[in-house]
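Enquirer: Sequences and hints are given; from them, build the entire structure.
These protein sequences, in sequence, are chains G and S. Here the first sequence is numbered in my numbering, starting from 1 and rising by one per residue. Here the second sequence is numbered in my numbering, starting from 1 and rising by one per residue.
Careful: at least some of the hints might be erroneous.
Stated by the list, open to error - A few chain S residues that don't get close to chain G, going by computed Cβ distances all over 10 Å:
id, residue
1, L35
2, L183
3, M186
4, K188
5, S216
6, M285
7, H286
Stated by the list, open to error - Now the stretches of chain G that chain S is said to cover, found in silico as 3 or more residues with beta-carbon under 8 Å:
id, segment
8, 260-274
9, 296-310
Simulated from the structure, these hints should not be mistaken for laboratory data. Values in this document were obtained by computation on a predicted structure and should not be read as measured data. Glycine included, each C-beta is placed from N, C-alpha and C at the ideal position.
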Amino acid sequence: MKQILEFEKPIVNLREKIAELKKFTGESEIDLTEEISTLEKRLSDLEDNIYGNLKPWQRVQMARHQERPTTLDYIGELFTDFLEFHGDRTFGDDEAIVSGIAYYKDVPVTVIGHQRGKNTKENIRRNFGMPHPEGYRKALRHMKQADKFNRPIICFIDTKGADPGKESEERGQSEAIARNLMEMAGLKVPVICVVIGEGGSGGALALGVGDRIFMLENSTYSVISPEGAAALLWKDSGLAQRAAESMKITAPDLFELGIVDEIIPEPKGGAHRDIKQQAANIDVVIEKALKELNNLSNDELLEQRWEKYKQIGEYKEQ
Amino acid sequence: MKRGTYILLKDLFNKKKKYASIPTEGSKVDIPEGLMKKCDNCNKIIYRKELSTNLNVCPNCGHHHQLNAWERINSLFDEGTFVEWDKGMITSNPLDFPEYEGKLEKDRKKTGLNEAVVTGFGNIDGHATAFAVMDARFRMGSMGSVVGEKIARAIENAREKSIPFIIFTASGGARMQEGVLSLMQMSKTSVAISRFSEAGGLMVSVMTHPTTGGVSASFASLGDYNFAEPGALIGFAGRRIIEQTTREKLPDDFQTAEFLLKHGQLDQVIHRHDLTYVLGTLLKMHQKGGSPK
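Expert: In structure tokens, the structure reads:
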């Protein structure tokens with residue numbers, strides 16, 4: 001069952017009508033070719049109009065789309081010989097994060113990403129892509145290894161946020177997230193982060209300190225979910241749509257705020273419409289970024305990373 | 001009959017009241033505002049002056065009431081050694097968030113502070129250190145651009161001056177009204193700490209009530225030594241959210257300093273009266289090698 005979002009309904013209806021007419025033309029003597037081509041033109045305009053002007057809340061829905069490609073989908077498209085490695089060596093293996101090494105155009109790289117499921121069964125196994133402390137620690141273990149073997153790191157960000165659970169608190173999820181932020185800051189290899197779906201709060205950030213941060217056109221990055229923000233600020237989670245607008249969480253917003261380096265375009269209708277095209281769009285920016293970053297010395301890399309983060313934030317001095 | 005007697009005897013020795021008393025207008029007047037305070041934990045009425053000379057620790061039950069930033073600074077630093085940094089930095093409401101500026105103005109008036117953190121340097125027991133003290137009265141100590149920038153600068157200053165850095169956290173987490181810019185302050189401060197640590201700098205974190213959300217998941221947890229005050233609430237996700245999501249009964253001491261100590265997340269829980277001694281001793285022990293080169 002394909003998931004159809006509310007604002008896509010006019011497009012779907014028109015598309016169905018065209019299909020019906022086509023079927024009718026094929027079966028009868030009446031020639032409707034002209035009408036069909038008019039409608040097809042209208043469909044294309046309608047798609048441009050709707051997908052070209054997505055509101056923040058609509059982008060949230062796109063980012064959460066059931067069929068939206070996940071980290072493993074992109075790994076399959078962008079890398080070869082991916083070897084997944086498990087476990088934090090302390091507590092367990094968190095399947096909400098996948099991690100391993102692979103070839104990116106003949107260069108070994110470390111790839112880490114949040115992993116959602118596409119159905120209920122898989123989502124339960126993956127904890128809906130919400131990492132536990134052992135997930136961040138597994139990621140860190142692999143980052144340190146990448147540092148040792150001088151491999152660039154590519155992170156895919158796609159999570160609602162950290163696991164809100166008793167055990168995660170007991171095992172120190174604050175410390176696990178904080179440690180990743182600090183350790184990522186000091187890595188002597190290029191780190192590239194790509195937000196592919198939802199970038200939810202600390203759980204996202206724990207894979208998100210890099211030399212380049214890219215966002216897919218319809219991905220989001222926020223300090224709290226729109227529902228959570230609405231509940232906190234206005235005591236009504238039903239105001240999520242309003243919160244999505246006020247909080248500035250879309251890719252264009254983050255680009256404007258100077259947090260994101262580049263927005264990666266999505267195929268018309270979203271990443272899930274054409275995974276290969278989407279992967280190709282991601283490929284372009286990763287290749288360019290790696291070329292730029294590989295030319296830097298360790299000191300230059302660390303200095304630029306600091307400069308990048310130093311300038312984030314707005315304030316006045318009296 | 002026997003059971004009844006038991007209850008009666010028990011009640012004689014039990015301090016706990018059988019009935020909850022609803023304060024009336026009259027009873028409120030009985031405690032002159034400013035002169036006395038009811039302990040948040042044991043409900044005993046204490047003279048404010050007595051409480052304040054005891055560093056806001058209840059003389060009856062030992063409960064640690066919050067200290068504001070200046071009370072904290074005055075209680076720790078050698079007199080006349082404290083210098084404040086970036087006092088005039090204020091937020092510019094980067095997202096044009098509705099009603100935000102009014103709320104800030106109200107808190108500025110209430111606290112006499114420009115933001116939720118005071119940074120600077122001074123001496124503790126004769127040892128120089130850079131410093132950041134958060135104040136939970138200002139927008140619940142939440143971290144926006146100004147808090148992140150002031151803390152990052154304080155850490156950079158410590159690195160340049162080759163002195164240690166001590167932070168007292170008190171924060172509800174990220175500041176919602178600055179959205180993702182608040183979230184990114186976690187990264188910014190962490191990158192600063194990484195540089196400081198790489199240079200060999202000593203960082204000490206003292207978590208006070210409350211230290212939650214993005215603050216607990218960044219600099220609060222990144223000290224070479226992580227301490228907390230007794231009874232402080234420390235955690236990432238809110239208790240209510242965890243209960244709602246997992247439908248699990250949480251222990252009473254969940255996310256308290258003592259709970260974290262038990263689970264290996266803290267070096268020590270330190271009574272406020274012992275802080276100057278512990279911090280002073282730590283600074284002394286790191287005189288050789290604890291300062292960035």
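Enquirer: So is the segment 296-310 of chain G in contact with chain S by the C-beta rule, three or more residues under 8 Å, or is the coverage claim wrong?
Expert: holds (count 5)
Enquirer: Examine each Cβ of chain G, and state whether all of them lie more than 10 Å from the Cβ of M186 of chain S.
Expert: Answer for M186 of chain S: violated, closest chain G Cβ roughly 6 Å.
Enquirer: Is it correct that the beta-carbon of K188 of chain S has no partner in chain G closer than or equal to 10 Å?
Expert: violated (5 Å)
Enquirer: Are all C-beta atoms of chain G more than 10 Å from that of H286 of chain S?
Expert: Per Cβ check, H286 of chain S is outside 10 Å of chain G; nearest 19 Å; holds.
Enquirer: For S216 of chain S, is the shortest beta carbon distance to chain G beyond 10 Å?
Expert: violated (4 Å)
Enquirer: Compute the least Cβ-Cβ separation between L183 of chain S and chain G, then decide whether it is above 10 Å.
Expert: violated (4 Å)
Enquirer: Can you tell me if the segment 260-274 of chain G counts as covered by chain S, using C-beta to C-beta distances under 8 Å and a minimum of three residues?
Expert: Violated, because only 0 residues of the segment 260-274 of chain G bring their Cβ atoms closer than 8 Å to Cβ atoms of chain S.
Enquirer: In terms of Cβ atoms, is chain G entirely out of 10 Å range of L35 of chain S?
Expert: Given a closest Cβ separation of 35 Å, the condition holds.
Enquirer: Taking the closest pair, is the beta carbon of M285 of chain S still more than 10 Å from chain G?
Expert: holds (23 Å)
In this structure, the earlier hints numbered 2, 3, 4, 5 and 8 are contradicted, and the remaining ones agree with it.
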